[in-house]
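K.L.:
Sequence:
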Amino acid sequence: MKYKGRFGDYGGFYVPEVLIPVLEELEGAFYCFYQDKRFAAELAQLLGDYAGRPTPLYFAKRFSDYVGFKVYLKREDLLHGGAHKVNNTLGQGLLAKYMGKTKLIAETGAGQHGLATAMIGALFGMETKIFMGVTDVERQSVNVHKMRLCGAEVVPIEGGTGTLKDAINDALRYWTAHVKDTFYLFGSAAGPHPYPTIVRHFQTCIGKEARQQCIDKLGRLPDMVVACVGGGSNAIGIFSGFIEDKDVKLIGVEAGGRSVAEGKHAATLVAGRVGILHGAKSYLLQDAEGQVYETESVSAGLDYPAVGPEHCLLKDTGRAKYVAAEDDKVLDAFELLSKTEGILPALESSHALAYLMSQKGKLKPEQIAVVNLSGRGDKDVSIVERCRGKKE
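Note that the numbering used here has the sequence shown beginning at 720, numbered continuously upward.
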């Protein structure tokens, strides 16, 4: 490999020997094409005409009135497919095309990355397989149906807890046996090098746009930027635009599940310790023997026991603060934004909104928070109904 792929002591590539040449090929292609004028122009056109960038920065007035300070939403939920995931899948899908690959595979939890990959597979005429835990197949059935409509094969994974961790395990195993013609379109800023760097690059459009929109619309930068964190792609995307602005607080909100105190959660940075999973060194949820915990969250997209390596570095250096929001508060936030703004947020994004609700009365009215609304919540309506006991 040309680069070590480290963020401080985190990241790297802890993979079987058979994958080293494949990751080297991917690293070489990324650094060859990402600044290539033809590649950049084609991606920019797709992000505008296909995905729908730029997304607006919206002042949520009635939600702001409730919390007592100004809240602006970066509306990634308005992108084609309903989430920020399309930024990354367009970038990696185009990279796969330039590399001459003919097949795509991906893993997914909430289904948003799977749907975005299925869309790109259809767009580029590539055979596409989506690996998804059986638990997530059941709770995100709407997205599963959409993936199949786009022509993708959804592969249900029964091992483990049937969630994102298990889907990644099987996707990596499949990729090892089909590396010649298959591109693994990784969904988060996690996994072995060069994926954290690649995903970060293709999601930086969120932070660049948000920072410029704050200057143009507000006349200044916000006091804080808040985003949910599972693997961490939407958070690192918007954080990237503000990391050098030391007066802007960066807040990452993890899945507190049923209870952080009782260990029924997926709050990796809040409650984990350093280890290695899925080819990278990062914070993990693990027991004293190093066995990975079974995670728990109302949100399939955050139900993951590891996290991207750059978030680990931001935590250690204190540049970003990481907190957890438990499920009941997340459901409150989902309902509050729906009722005050007519916007249904994804349960993932609702974690960030729940943090803002916890700050009610703690911030001044003139202070400004920007939230990355990473996806829309249509896919989560039945889960909310079930959790609230409104469904028979």
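FYI, nobody ran anything at the bench for these hints, they're computed from the structure. Keep in mind that the hints are not guaranteed to be accurate.
To be verified - Ranges between beta-carbon positions, derived for each pair:
{"#": "1", "residue 1": "874", "residue 2": "728", "range": "32 to 38 angstroms"}
{"#": "2", "residue 1": "977", "residue 2": "744", "range": "21 to 27 angstroms"}
{"#": "3", "residue 1": "993", "residue 2": "737", "range": "36 to 42 angstroms"}
Claimed, not checked - Keeping only pairs whose Cα atoms sit at most 16 angstroms apart, straight-line, the calculated EDC-like set for lysine to aspartate or glutamate is:
{"#": "4", "residue 1": "983", "residue 2": "1047"}
{"#": "5", "residue 1": "816", "residue 2": "744"}
{"#": "6", "residue 1": "1081", "residue 2": "900"}
{"#": "7", "residue 1": "1040", "residue 2": "942"}
{"#": "8", "residue 1": "1058", "residue 2": "1097"}
{"#": "9", "residue 1": "1083", "residue 2": "900"}
{"#": "10", "residue 1": "968", "residue 2": "942"}
{"#": "11", "residue 1": "816", "residue 2": "746"}
{"#": "12", "residue 1": "723", "residue 2": "744"}
{"#": "13", "residue 1": "899", "residue 2": "846"}
{"#": "14", "residue 1": "822", "residue 2": "900"}
{"#": "15", "residue 1": "848", "residue 2": "900"}
{"#": "16", "residue 1": "780", "residue 2": "1060"}
{"#": "17", "residue 1": "927", "residue 2": "900"}
{"#": "18", "residue 1": "723", "residue 2": "784"}
{"#": "19", "residue 1": "865", "residue 2": "889"}
{"#": "20", "residue 1": "1079", "residue 2": "942"}
{"#": "21", "residue 1": "1040", "residue 2": "1097"}
Even for Gly, the Cβ is constructed at its ideal location relative to N, Cα and C.
K.L.:
All hints, please: hold or fail.
P.N.:
Status of the hints after comparison with the structure:
| no. | hint | result |
| --- | --- | --- |
| 1 | 874 with 728: 32 to 38 angstroms | 34 angstroms, holds |
| 2 | 977 with 744: 21 to 27 angstroms | 43 angstroms, violated |
| 3 | 993 with 737: 36 to 42 angstroms | 26 angstroms, violated |
| 4 | 983 with 1047 | 13 angstroms, holds |
| 5 | 816 with 744 | 14 angstroms, holds |
| 6 | 1081 with 900 | 54 angstroms, violated |
| 7 | 1040 with 942 | 14 angstroms, holds |
| 8 | 1058 with 1097 | 14 angstroms, holds |
| 9 | 1083 with 900 | 55 angstroms, violated |
| 10 | 968 with 942 | 6 angstroms, holds |
| 11 | 816 with 746 | 15 angstroms, holds |
| 12 | 723 with 744 | 14 angstroms, holds |
| 13 | 899 with 846 | 14 angstroms, holds |
| 14 | 822 with 900 | 6 angstroms, holds |
| 15 | 848 with 900 | 13 angstroms, holds |
| 16 | 780 with 1060 | 8 angstroms, holds |
| 17 | 927 with 900 | 34 angstroms, violated |
| 18 | 723 with 784 | 47 angstroms, violated |
| 19 | 865 with 889 | 22 angstroms, violated |
| 20 | 1079 with 942 | 15 angstroms, holds |
| 21 | 1040 with 1097 | 29 angstroms, violated |
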